[in-house]
Structure formats: C-alpha cells, structure tokens
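Given the coordinates of chain X, assemble chain E onto it according to the supplied hints.
Each chain, written out:
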Amino acid sequence: MRQLFSKSLYAILMFCVVSLYACANDSNGDSTKKDETNADDVTLKLPSGFRAVVFADNLGGARHLAVNVNGDVYVKLSRLKNGNGIIRLRDTNGDGKAEDISGFGNFPGTGIAIKKGFLYASTDEEVYRFKLDANNNIVNPDKPEKIVTGLLSRHEHEAKAIELDNDGNLYVNIGAYSNSCQMEDRQKGSMGMKPCPILDSAGGIWQFKSDKLNQTYGDGNRYATGLRNVVGLNWNTSTNTLFVMQHGRDQLHDLFPDMYSTKENAELPAECMYELHKGSNCGWPYIYYDQIQHKKILAPEYGGDGRKTAGEDAQDPVVAFPGHLAPNGLLFYTGTQFPEKYKNGAFVVFHGSWNRAPEPQEGYFVVFVPFKNGKPSGNWEVFADGFSGGPEFTASGRAKHRPCGIAQAPDGSIYISDDSKGTIWKISYAGK
Amino acid sequence: MKKPMLPMVICIFFFSMTLLAFKTSFLQTQLQASIARGKIVYTARCLTCHQVDGGGVQNMNPPLIKTKWVLGDKSQLIQIILKGSNTGVTIDDIEYHNVMASHKDLSDLQIADVLTYVRNSFGNKAKAVTEAEVKAERAK
Numbered sequence: 001m002r003q004l005f006s007k008s009l010y011a012i013l014m015f016c017v018v019s020l021y022a023c024a025n026d027s028n029g030d031s032t033k034k035d036e037t038n039a040d041d042v043t044l045k046l047p048s049g050f051r052a053v054v055f056a057d058n059l060g061g062a063r064h065l066a067v068n069v070n071g072d073v074y075v076k077l078s079r080l081k082n083g084n085g086i087i088r089l090r091d092t093n094g095d096g097k098a099e100d101i102s103g104f105g106n107f108p109g110t111g112i113a114i115k116k117g118f119l120y121a122s123t124d125e126e127v128y129r130f131k132l133d134a135n136n137n138i139v140n141p142d143k144p145e146k147i148v149t150g151l152l153s154r155h156e157h158e159a160k161a162i163e164l165d166n167d168g169n170l171y172v173n174i175g176a177y178s179n180s181c182q183m184e185d186r187q188k189g190s191m192g193m194k195p196c197p198i199l200d201s202a203g204g205i206w207q208f209k210s211d212k213l214n215q216t217y218g219d220g221n222r223y224a225t226g227l228r229n230v231v232g233l234n235w236n237t238s239t240n241t242l243f244v245m246q247h248g249r250d251q252l253h254d255l256f257p258d259m260y261s262t263k264e265n266a267e268l269p270a271e272c273m274y275e276l277h278k279g280s281n282c283g284w285p286y287i288y289y290d291q292i293q294h295k296k297i298l299a300p301e302y303g304g305d306g307r308k309t310a311g312e313d314a315q316d317p318v319v320a321f322p323g324h325l326a327p328n329g330l331l332f333y334t335g336t337q338f339p340e341k342y343k344n345g346a347f348v349v350f351h352g353s354w355n356r357a358p359e360p361q362e363g364y365f366v367v368f369v370p371f372k373n374g375k376p377s378g379n380w381e382v383f384a385d386g387f388s389g390g391p392e393f394t395a396s397g398r399a400k401h402r403p404c405g406i407a408q409a410p411d412g413s414i415y416i417s418d419d420s421k422g423t424i425w426k427i428s429y430a431g432k
Numbered sequence: 001m002k003k004p005m006l007p008m009v010i011c012i013f014f015f016s017m018t019l020l021a022f023k024t025s026f027l028q029t030q031l032q033a034s035i036a037r038g039k040i041v042y043t044a045r046c047l048t049c050h051q052v053d054g055g056g057v058q059n060m061n062p063p064l065i066k067t068k069w070v071l072g073d074k075s076q077l078i079q080i081i082l083k084g085s086n087t088g089v090t091i092d093d094i095e096y097h098n099v100m101a102s103h104k105d106l107s108d109l110q111i112a113d114v115l116t117y118v119r120n121s122f123g124n125k126a127k128a129v130t131e132a133e134v135k136a137e138r139a140k
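Chains as they are written, first to last, in our numbering: chain X, 1 to 432; chain E, 1 to 140.
Check each hint, because a few of them may be wrong.
Computed spacing ranges between beta-carbons, pair by pair [said to hold, decoys possible]:
(1) X:GLY71 x E:LYS66: 38 to 46 angstroms
(2) X:ASP142 x E:GLY123: 42 to 50 angstroms
(3) E:LYS83 x X:LYS343: 48 to 56 angstroms
(4) X:ASN93 x E:LYS83: 54 to 62 angstroms
(5) X:SER396 x E:PHE26: 35 to 43 angstroms
(6) E:GLY123 x X:LYS45: 30 to 38 angstroms
(7) X:SER396 x E:LYS66: 13 to 21 angstroms
(8) X:ASP100 x E:ASP73: 47 to 55 angstroms
(9) E:ALA132 x X:SER396: 30 to 38 angstroms
(10) X:GLU125 x E:ILE40: 40 to 48 angstroms
(11) E:ARG138 x X:LYS45: 50 to 58 angstroms
Cut-off 20 angstroms, straight-line C-alpha distance, at most; resulting in silico cross-link-like pairs (SDA-like, lysine to any residue) [said to hold, decoys possible]:
(12) X:LYS421 x E:ASP92
(13) E:LYS104 x X:GLY189
(14) X:LYS400 x E:TYR96
(15) X:LYS400 x E:ASP53
These are calculated hints, taken from the structure and not from any lab test. All C-beta atoms in this analysis are idealised placements derived from N, C-alpha and C, irrespective of residue type, glycine included.
Bound conformation, chain X alone:
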C-alpha cells in the first residue's frame, strides 16, 4: 500500500517536471527568432547586415554540398546515415529551413557538384553521377552512372573533391598518400624520394570527361601536379580557370627539430590558393611556400634548411594563408544579394588546424578575399567565425563544429556545412 502511494507520488512528480519542461520549451518557442541564428550550441559572428540560419542539423559528416537551380541542397556525407551517403534538403515553405529531408546514394565520400542536369558525387575511389529530371528530382537514385573508377586511396588525403567546368570536363583531386614524400612517411629525419614516385598517380588534379563512363587513370590526364592535397576547389567563371586550395605539409618541427621551432612549425608552411592551367606545377613535395619570407623554400627532406629557395619552375600562390588551417571549401561569389565588394571574390572555408600543437590551434572559420579582374584586390578577412564554440575550443582543437563545404544558392545566399555534427547554415545579407 505504502509502495503504491510512493509510486503514485513519484508519477505525479514526474508529470509535473515534464509539464514544466514542456511549458518552458513552449515559451521559448515564441522567441526562436533569436535562436534561428544559432545551431543550438554556437552563435556565428558575421559582418554587419548578414544573418545565419540553421538550415538543417545533425546530418553527421556533412562534407561538400551543391545547390540545384530550384534551391534544393545536396549534402555529401563522409559516413552513411541510415544507409544514405547523400542528403537532399528542400525548403518547401520558404522559411529558410529544410522541411523535406531525404537521402539516397549508398556510398560515403566528400565531393559533390551539379552541372547541366546531373548531380555528381564521389567516394574515395570513384565518381558517380545521377540524372535530374525536369522537376529537379533524381531520376534513378539507386542506379547512378559510374564516371570514374579505380582512383588511389591509401590512408592519407583520400577525399576526392570534384569540380566541373562548362566545357564537359570533370576535375578530381587525387591527394598524395604522404606528407612530404619521405622514404618513410612522417619518420623523423627521413629524406625525400627524388623524383617523388607518388606524383605519377596522385598529388595533383586529374581531368576526365564529365559524360564518359568507367574512366580510369588512362582515360584522364594529369591536369596539374605538385599539389599535396586539395579539398576546396572551384571553377572561377570570371577567369574561366580552376582555383584550388592546397593543404600544406605537416610537421616541420617534428621531422626536422633542429631547423624549425614549434612556433615556426605552427605558422609554416602557407595554406596556398593556386590558379591552375593545364600543366600547372605547384611544387610539392620539393618546395613549400613561406608566407613570412614570401618565398618558395626548399623542403628539408630535399636538403633545405628553412632558408634556401628553390622551385623556380613551380607556380607562386595567388593567396598564402597561415599554416595548417585546413582549407576545405572554396567559392567564388557570383550572386547579387551580397554587397558589391563580395562580387567575384573568394570565400575560403577553413576546417581548422590540428598540426599547430603544442601551440594553440586556429581556423574553424570562413574568410573572404576580395578579387578584381581575376586577382586578389585586398587582404583576406574573417567572414564567419564562431563555429568552434569559442576561443578555448579553437585553441584546444576540440571544436563543436568544423566548417567544411560551401555552395551558393540561386538567390545569392550561401550555405556552409559542418562535418563534425552535420549542421548546415544558410547565410544571407539582410541589409544595413
């Protein structure tokens, strides 16, 4: 009897707690206008007049994304979620959030792009494409065409970021399966292989036809070489060229402690933006770009000492950012929604560093570089920050969100993905 009484009391108490909680949540419901600018746990810092809305959340490893002409957002996942590797987000009522969320494509990966009625998506070895119909739906979600196959993926820089031009070409990053082409990868003091054999099949951008099935190395051509790893890349329609962001080499101090301090290790080498042409060579692994000396420096694995210059045949970067920030997304802005200074400029999404330890980590932000006539016309500035959750989360590298992909919507807004929790933000300009 007594037990029954205490049980009922407990039930009543629980009911009260739950009701209170529900009420509290409900009253918050009225003030969600403010919350719209946040994923529940972070607030993005943006220039005045810009506004961020959480378009979708908790998608998992949201890598690159692509927006269709009707505004549908396609997100590529690095890990399958409910068996799906691609998520379609559709805002059916125009409130700036995705209500219709569906998935397809049973393969994980990073790359995704839309061109001329096809959705292209990559795994770490292949590129597939799906046909879109007149109503902007995927025609056969279970049966994509295999465009490229058999690309190398060897435990390092596996992600196959992709991009297309307007002349029927597909560009695929094949990252080097090495840090600096040492005889023993990442081994202290191990010297570099010369010539670096990795460059035959990786460490560059390969070009394939966008509509030919089952192509492999022999069908494509090495469009650009000497690129350690590229994740962020974008076809610039004003210059009609491919721009890429290279992930610079790691561990100068760990591997050559007599030549580099931990502080130098944190800053060097630069994370470089390159404008590519057929045959471009960006110099990896023989050289790296030092953004403090403004020079191409001979890599220590090839006899360098931090000062000797080299790489006369290698291209100079278009922009050189501080080291290890990990540029994973690149977008040249062609919209009209943002203020004039953003037109044709570059947004670069920095995933955030890990290779600056024991110095504090940095990055986890989106920067903007103004461009005029296809060249940078001013210094880069931080555009969107706060993904990590605060300076302490940035410094420790334990960021709450890690920005990765970027894409432009038909209305000129931009979307940013986060591959840590899978938040998708939509950033728009609301005016002064």
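Frame of chain X; chain E shown alone:
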C-alpha cells in the same frame, strides 16, 4: 626466563610493514619517474598527432583515451611504436586513417616510459610498461 615473544612479534610486524611501505613508495616513485620521462618523449614524438589531451584528431589520428589499444595487450601496443601503423584503426565506429611512423629509434626505456605515461594519463589507469618488455618485443 621466558622470552618476551609479544614485543618481538610486534617489532617484526612493524619492520615488515615499514619495508612494504618503502617498497610501495619506491615503486610509486619509480612509476612517477617513468611517467615524467615519458611525458617528455610524448611531447617530442606523439603530441602533434595525438594532441595535448590525448584526444587525437577527427578521422585522422586515433584518441588514446581509454581505448583497447592503449589499455589492452601490451605486446600489440609496443609493436605499434616499434613498427608504426599504416592500416588505420576503427574506434567507436569512427575510422582513423593517418599513417603513424615507426619510432624504433627510441630506446627501450624511452618506449617503456612513453607507454607508461600514456597508460597513466588522459584518464587512463593501467600497469606500467617495462624496459624488459620492450626489449623482448623488439627481439621478436
């Protein structure tokens, strides 16, 4: 005359207790010394990839916090330091892909120290790794 047994027993008892205490404190000091030396090795060789907090890096370098790799079989753990690893590991359904270099140039004592440090840091608590154990693994 009857021998005073009781005081003698008490004496022996306290003497052994003291010895035991000395032994425990000696081992404790030894463990602490090994951990302290191991931290120096960790900072020089491991910290960049596995980070200050041992938490590793998303999808690249595995965490060293309460995983079976760190707390489990010592032999396997020592072999990873000696030979490196290029197969990747999966922990809690997350794959970590990056290559780990061999650190066979470290001495047996340095490897024992760094593993003892790792097994007793970041919330881990496991038995020390000894120089003799590393030596035996190296000979395999």
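Which hint numbers does the structure go against, in order from smallest to largest?
-> none
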